[in-house]
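Line by line, the protein sequences are chains L, U and B. Quick note: the first sequence uses my numbering, first residue 37, plus one each step. Quick note: the second sequence uses my numbering, first residue 215, plus one each step. Quick note: the third sequence uses my numbering, first residue 82, plus one each step.
These are calculated hints, taken from the structure and not from any lab test. Note that the coordinates shown come from a computational prediction; the quantities given were computed from them, not determined experimentally. All C-beta atoms in this analysis are idealised placements derived from N, C-alpha and C, irrespective of residue type, glycine included. A portion of the hints provided could be inaccurate.
[Claimed, not checked] Among the chain B residues that face chain U by a calculated CB cut under 7 Å, a handful are:
(1) Glu125
(2) Asp126
(3) Glu127
(4) Leu141
(5) Ala143
(6) Tyr144
(7) Arg189
(8) Leu190
(9) Met338
(10) Val567
(11) Gly571
(12) Asp586
(13) Val587
[Stated by the list, open to error] With a straight-line Cα cutoff of 25 Å, these simulated BS3-like cross-link-like pairs (lysine-lysine) come out:
(14) L:Lys140 to B:Lys405
(15) B:Lys405 to B:Lys487
(16) L:Lys140 to B:Lys340
(17) U:Lys268 to B:Lys257
[Unchecked claim] Ranges between beta-carbon positions, derived for each pair:
(18) L:Leu75 to B:Gly202: 39 to 45 Å
(19) L:Asp90 to U:Arg221: 45 to 51 Å
(20) U:Asp223 to B:His618: 15 to 21 Å
(21) L:Pro111 to B:Ala633: 48 to 54 Å
(22) B:Ile589 to L:Thr46: 53 to 59 Å
(23) B:Glu113 to L:Gly190: 53 to 59 Å
(24) B:Ile387 to L:Asp164: 58 to 64 Å
(25) U:Arg221 to B:Leu536: 38 to 44 Å
(26) B:Lys636 to L:Leu68: 29 to 35 Å
(27) B:Glu357 to L:Asp164: 24 to 30 Å
(28) L:Gly56 to B:Val352: 42 to 48 Å
One-letter residues, chain by chain:
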Amino acid sequence: MPLLENGQITPDRWHVAMDGEPLPEGAVIVPLERLEEGLARTGDAPLGVAIAPDVDVAVLRTALPRLELVAVTFPIFRDGRAFTQARALREHLGFKGEIRATGKPLPDQYEFLLRCGVTTVQTERAEDISVWRQAHEIITIAYQPSTLHERPQGLGLRRFLG
Amino acid sequence: MDVRNNRRDSTGASVITANRLLDGRIVWLAAQGWSELITHARVFDNAEIEDAIKQARAMPEARTVVGIYGVQLDPDVAGLTPLTVRERIRAFGPSVHPDFAPVETSDVH
Amino acid sequence: MSTDTTTLPVGRYAYDQVDRTFLSQRVAQFREQVARRVAGDLSEDEFKPLRLMNGLYLQLHAYMLRVAVPYGMMGSDQMRALAHIARTYDRDYGHFTTRQNVQFNWIRLEDTPDILEHLAGVDMHAIQTSGNCIRNVTCDEFAGAAADELLDPRIHAEILRQWSTLHPEFTFLPRKFKIAISGSPHDRVAARFHDIGLVARPGPQGRPVFDVFVGGGLGRTPIIGVKLRDTLPEEDLVAYLEAIVRVYNAYGRRDNMYKARIKILVQALGVEAFREKVDAEFALMNRADYRLDPAIVDGIRARFGIPPLNAPADAEQTLAASRKADPAFDRWVRTNTHPHRHEGFICAVISVKPDGGIPGDITADQMDLVADLADSHSFGEIRVTHMQNVVLGHVRKDQLHDLWRKLAAANLATPNIGLVGDIIACPGLDYCALANARSIPIAQKLSARFANPELQERIGPLNINISGCINACGHHHAGHIGILGVDKRGQEFFQLTLGGSAGGDVAIGQIIGPALPEDETVDAIARLIDTYLVLRHDNEQFLDTYRRLGAASFKDAVYAPA
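Go ahead and model the full structure; you've got the sequences and the hints to work with.
Encoded structure:
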């Protein structure tokens, strides 16, 4: 599926660094082990980093002001560590850039992704965008706070989902 | 799928089973399609069963069932009877509720 | 929205329009997921976690639906809805589980959206009763009624239930997550056998405080939970639990499902290192977002109906007279009731363990009767216990005899609570795809063998727990006598453990020897009980005698009978 943002297909300006090849010009997402190489690039082309599910996002602390994107991943949809990574990026590190979910998340996880601070989704699944959109819209109430700081409903910890 | 599914000896005979997707009922691969009664199951020699299972999984009807695997038969019992307690319970119903033994239903999906 | 607590449902949270909207959206979501599965747009692998999070298992004979009974509380209208489900979509019965839920064994996938819609009509659901997410938060069966309770844990159970519902970060945990909360110094919820166990008591400024235990559990690796935090203030309750589950989600193992519970993580790190991680998260998080303001708690509390506890001044005398006049009733009061905080009231336990019966199974007709009796005798409030029985929590003492007679007529008054006939058993291999052996026939045989009520009282408190496999849904590790079904070359064998306890003196049962074939197991247990009767001192209970003597005499009784 092409890149999804706010329930819409969005053009993708990012390139993913290829193993064993030099970093391309322009916006590039590097794997964590090539982060130093990415930071050493001259010019002001945007830089993003892709992290595996077992990475503690705290390791990105110093580099974060220079990163415009962090990609978290779902090797299988059942591996929910990316939710915690995204949320920690927003809540602990105050990251304001793009958080991209990659790998194999299900459309049914879309609302959870967004509430944990994910902004774009690039999934390997071939899927109709309408399924993702519906998953986002179908439930309008949440029962706990999130990184999106939704409007409290009034009772308990309930929030209105926008 | 449970590790005990598809367990069998190198000799003997087996039948093929699954759960129906829409209602979860146990079914057995029969001459035509899937039956709720093990008495209708096609018997395979264990030398052929792996291929038979592969074929069953590749059939279009496989979309109507979940979890296709083989079940070893007890050679010492008349009639088609699985070897293990677990598969006998699947075939003949819960031992504590004889009134819940499987019967062929007319509204087969 | 009524705030008059005499019209709100007693003992549980009253849904409002917002909750109902959410439930109907959830049903629509599942209906759509089923449609995608049937159309082939979702594989079974992808659909499975989605249906599990609506409580739908594919079991040995059919789909099984596990309906949530939040902290074990339901109302008579809800019980009638369960009876309707049993009649319309199942085989006229349901089953109470060891986590206070209800299960139906003969469900069709294609009916499930309609079933969930019917349940939503009475504010019920099956959300997160399975799957790698936070499950039903359980309380003890006498919550809000027991004389010894320091505070009613159900308010905070409801707060945690809501907080954990469709939690965006915690819906794909390494494994399931179970929370229990007790408001009594006598732990009736087995708090230390849960992933998180909370013990609540009154604290300063009239707000409760919580002791937090973590990393307990049964199953393959039974472990008693450790105390992570003492005297946690109420306002930090949600934040602190959020921190614990965040650490678990990040660090819990995902490579081996048998090593994926939080108890394994706590053991691997050690409690000190685990606590450091939790405290670090607790320090970093936006605590203000998660603060449990007293106003929030009181807002939820205001949605719980309160029973008007008015009894005649001579209620106690009336009860005493009935007891004197009716020995069978007297026995039942001795065994099947629990003291209430109000002197004119009493808690009544409805035994769902008839002699020779299937533990926890209840017919649709019995469900309707229980609903009627709840209306006439307990303000419409019904409690499901984790011992697979039912409690009416607020019965007027002068009306107890009438209740008993009606229960007895429906085979729901067996005087065996906490006694040898009150067997806890999982559904086992007769129903469960995970099981190695059948648990129900052993339960039935034991129950029939020890049916005599005098014998049961003479034996005294004795918890027999039967699990059909190592997943331990029968909580056999916590049984005074535990029975575990194992598979030996496709045949059923049973391993016995002794000396477990889920109470304040929590302990894990010890295996006493090799597993026995099915036809020897019941006799072996009878010999164990005989041994205890012979060897006990004074009024020792089984557990006391075992602890005094150790396993040796009991082992001999099983393996080397004279």
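Each hint, compared with the structure:
1. Glu125: OK, holds: glutamate 125 (chain B) within 7 Å of chain U, min 5 Å.
2. Asp126: It is violated, given that the least Cβ distance between aspartate 126 (chain B) and chain U is near 10 Å, above 7 Å.
3. Glu127: Since the shortest Cβ distance to chain U is 13 Å, the answer is violated.
4. Leu141: Since chain U brings a Cβ to about 6 Å from leucine 141 (chain B), closer than 7 Å, the hint holds.
5. Ala143: With a closest approach of 4 Å, the alanine 143 (chain B) hint holds.
6. Tyr144: Result: holds, 4 Å to nearest chain U Cβ.
7. Arg189: Holds - the Cβ of arginine 189 (chain B) comes within 7 Å of chain U, reaching about 4 Å at its closest.
8. Leu190: Hint holds; leucine 190 (chain B) Cβ to chain U Cβ min 6 Å, cut 7 Å.
9. Met338: 12 Å, violated
10. Val567: Interface hint status for valine 567 (chain B): violated (12 Å vs cutoff 7 Å).
11. Gly571: It holds, given that the least Cβ distance between glycine 571 (chain B) and chain U is near 4 Å, below 7 Å.
12. Asp586: Cβ of aspartate 586 (chain B) sits 34 Å from chain U, so the hint is violated.
13. Val587: 31 Å, violated
14. L:Lys140 to B:Lys405: 69 Å, violated
15. B:Lys405 to B:Lys487: 19 Å, holds
16. L:Lys140 to B:Lys340: The given pair, whose Cα atoms are some 24 Å apart, holds under the 25 Å limit.
17. U:Lys268 to B:Lys257: 33 Å, violated
18. L:Leu75 to B:Gly202: 39 to 45 Å: At roughly 58 Å between Cβ atoms, glycine 202 (chain B) and leucine 75 (chain L) fall outside 39 to 45 Å, so the hint is violated.
19. L:Asp90 to U:Arg221: 45 to 51 Å: 34 Å, violated
20. U:Asp223 to B:His618: 15 to 21 Å: Violated, at about 54 Å.
21. L:Pro111 to B:Ala633: 48 to 54 Å: Hint holds: Cβ distance 52 Å, inside 48 to 54 Å.
22. B:Ile589 to L:Thr46: 53 to 59 Å: 55 Å, holds
23. B:Glu113 to L:Gly190: 53 to 59 Å: 29 Å, violated
24. B:Ile387 to L:Asp164: 58 to 64 Å: Violated - the Cβ-Cβ distance for isoleucine 387 (chain B) and aspartate 164 (chain L), about 50 Å, lies outside 58 to 64 Å.
25. U:Arg221 to B:Leu536: 38 to 44 Å: 43 Å, holds
26. B:Lys636 to L:Leu68: 29 to 35 Å: Violated: the Cβ-Cβ distance is about 56 Å, outside 29 to 35 Å.
27. B:Glu357 to L:Asp164: 24 to 30 Å: Violated - the Cβ-Cβ distance for glutamate 357 (chain B) and aspartate 164 (chain L), about 46 Å, lies outside 24 to 30 Å.
28. L:Gly56 to B:Val352: 42 to 48 Å: For valine 352 (chain B) against glycine 56 (chain L), whose Cβ atoms are near 45 Å apart, the range 42 to 48 Å holds.
In this structure, the hints that do not hold are numbers 2, 3, 9, 10, 12, 13, 14, 17, 18, 19, 20, 23, 24, 26 and 27, in rising order.
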